[in-house]
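Q: Respectively, the protein sequence lines represent chains E and Y. The numbering of the first sequence is my numbering, which starts it at 1 and goes up by one. The numbering of the second sequence is my numbering, which starts it at 606 and goes up by one.
Hints are computed from structural coordinates only; laboratory data are not their basis. Since we're looking at a predicted model, the values are computed, not measured. Hints are all accurate, no fakes.
Reference excerpt, derived from the structure (chain E facing chain Y, CB under 7 Å, subset only):
1) Ala127
2) Ser559
3) Leu563
4) Gln583
5) Leu584
Label pairs and their computed distance ranges (CB to CB):
6) Ile759(Y) x Lys592(E): 39 to 47 Å
7) Pro676(Y) x Lys26(E): 24 to 32 Å
8) Arg681(Y) x Arg76(E): 38 to 46 Å
9) Thr705(Y) x Gly459(E): 52 to 60 Å
10) Arg211(E) x Arg797(Y): 57 to 65 Å
11) Lys579(E) x Ala753(Y): 34 to 42 Å
12) Ile61(E) x Thr705(Y): 51 to 59 Å
13) Ala647(Y) x Lys579(E): 50 to 58 Å
14) Glu28(E) x Ala621(Y): 31 to 39 Å
15) Lys26(E) x Arg681(Y): 24 to 32 Å
16) Ala657(Y) x Glu86(E): 34 to 42 Å
17) Lys26(E) x Ser763(Y): 28 to 36 Å
18) Ser120(E) x Ile636(Y): 25 to 33 Å
19) Lys592(E) x Ala799(Y): 13 to 21 Å
Glycine included, C-beta positions come from ideal geometry on N, C-alpha and C.
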Amino acid sequence: MSDSNTSGSFPVSQVVAYSLTERFEKLEIAERKLIAELYAMDALWYLAQAQGKKTVAFPAIIRGIGQSPFRYLVNRATAGQDTPEETATQARGLFEEFVISNQEAIGFGGELKFSLRDSSKIRLPLALLLEVERMARPDRVIAEDPRQLAEVMGVILNSGKGAIDDQVHRPGSEFSILLSKLCPLSPGSGVLDMSCGTGTLLHKLLTDKTRIRAFGQEMDAELAVISWLRLQLHPSAESAKVYVGDSLRYTYASSYQANPIDVALVHSIDLDADEENKASFEQYLREAAEIEQRATRQRVELEHRCEEATRSLHEVARAYQRLKGDTPGLSPSQNDEARKEFEARWREAEARLRDLQQQHASAQQMASEASRALKAAYERAKKPALDRTYDLIMHGLDCVGGTGMAIAVVSARELFKSPQVDRLRTEALTHDRLDLVVELPRGVDGAEDRVAVLVFRRGRKGEPILFVDATDHETVKKAVRLSASEPVIGYRRSRSTILTSEFFSAIAQVCVDRVEIPGVSALVPRSALGGTSVDGRQVDLRPRQFIVTDRLEESVADSQTRLAECHQAVVNAEAALLKARAQLGLDPLFTKTQTSKPIRRPGTH
Amino acid sequence: MTTRFQPLKSVLNLRAGVPSRDLKAADIIPILKSMDALADDASAQALVLSPASINAGNIRPAAASPVLLTPSLIARHLLLKGDVIVSARGEFVAGLMDETTTGLANGSPILAGPLCHVLSIQEWSPALPEFIVWLLGTEYAKQHMAAAARGSSISLYSLDTIGSLPVPILPLEQQKAIAEASKAGRALRESRIALAEAESETNNSELCRIAGINA
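Build out the structure end to end from the sequences listed, making use of the hints.
A: Right, dumping it as structure tokens:
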């Protein structure tokens, strides 16, 4: 009997996906990342052994014992030296040393330091390490198909539920199909992915296109390392570079003029971050106003108390003046006593007044500071809120050459929420750069909201803008005739039955063909964006409003055909039942339905 | 003519699905294989059915779990065409292993899981599997199972409970005709539902057209 778990006719990555997805799904995100990182280190070690390449440096202990990192950990665990927790600690230590040895190649330095997030509670069970090694030991994969190394790493990171791409909202493998097809890259062209995540999109681009220059930038240090590792395992790795840091500030941002590219990819679907900033700023404004009010109240109250203290001091002073002369009816000794008492009261009132005056002065200072802070907060509120998505798009357009394009994956709320939509509309109307708008259903890249793809192209010559509404899977399926065929292996465990690679391929086809399909896509002249909608508001960028749903005339023909088919099916089923009942000697339950009428065509009588 | 009844256990063979302990024991197989402690042919993948795979008298292995098991275990529990699978707990359902089921399994052996019982037709059986499936889907069988089941919140159907169902012993031709009539009835129900849905959609489309709405 053949071993069902060896690769056979299936690629290794698919076998790993099929056999181990359930195990990976149960892992914590940090455990999943660590296994992928270990696997990549292991694969690079085997590649270095096989090809004699010394492009990457390995930890001293690995160099010393001459074993691959994976085998080193497995040997320690099988010898009973390490528990799963200790294996994880060992693995983290190895990985940190590995990154530090190669930090210049990844782009760390200056204020960009690498450190793993707190993952002290993670475990690496021996059984899982053995499973991964048994299914996809790098030397066997290299002998079979070296391209599979990066694929296996992708499976470890992103197969099934809890995919890292979904968790960090970066393009997943299915969505990358759409983005890859939207990139018109010819040999020699360059592409920059400004949020490359685990490198899924870059990997896809390197696999689909030949001789392209791929640049990736990632703000999250660990993801940047993962992406770098994944591309190191890709056969076209020489043409790919991954940098760490914010795309607007670091590395590529300062060197793009020396490395011109043709396509820039922006991935910013987390509109909530901007919303949170806005909400926290509003909270700060409220608090500043409250502090200012409180300080003013305190100042006014202290002013009153100072006035009262001054009044009482004056009264004491007046009474004291009266006592300076001889008071009739009082003996000189009594008079002295009264004078002393008044002197004591006068000193006390004076001290109280001084104290209140001090308090008043500090309250006045506090009030003026609070007032200044409030004024500054109001000034800040007048300035437009930070719109990182828009900044990234503009930066992407700056990076591309004369006819280059920027592809932005954004939250669909950018299509109608002011002021974001106003900026995008202005970009379309004034500079004629908006080329394509695609609205996608919920769940793309783990987004809880709908997601939109915006394509901006330089050098447009007034062509109409294509709007595609892909939010309704059923409509797209009917319009583009998605077939029912799905991947044979691992399909049952795919993330979603709607967001399949086939679905994204179909949308990509509509976008590339630039065709108008009723209910799905529409070509809209740029000037239409300057108009107003039915309710008098300015037109936003939602595709649905432009798409003509003239399915009516067509649907008459289609529905008549379906009706006739259903009718015929009922007639056949009735006949079968009547026959079966007749065999049993039973009377017909119903009158037979008339056989199907010829299909009525629209416009005919 | 008076119909003769026999308990189900005297009409065909009853057995339980793969025991849980065997499935748990099989968890070690992948590890043994990874340590090269098991020969290549010492295990094979099988689809293990649960009651969720049974629907309207049919078995669809889409919800079955692929599990690595030893060949001896697979041989002992392998389901064959004509076997009837019933649930051992929860809602009482029954399904028939037919060509469609084996075709959907893509050649993988199919086994009944711990939550299922298997009713196998024998050479001496005076009943057809299609007839038994129809019978087990009737209200008559469901009432019998509900009355004889154990368990306060979830009904549990033991082999004895299932085996005690009185089965009408009819001529094979008549059993075949009943099974066919039942199948045709189900097909008619489904086609009528589809027709009613199509009519409703067409009606709405035409009404929208009259109202000048692009629907």
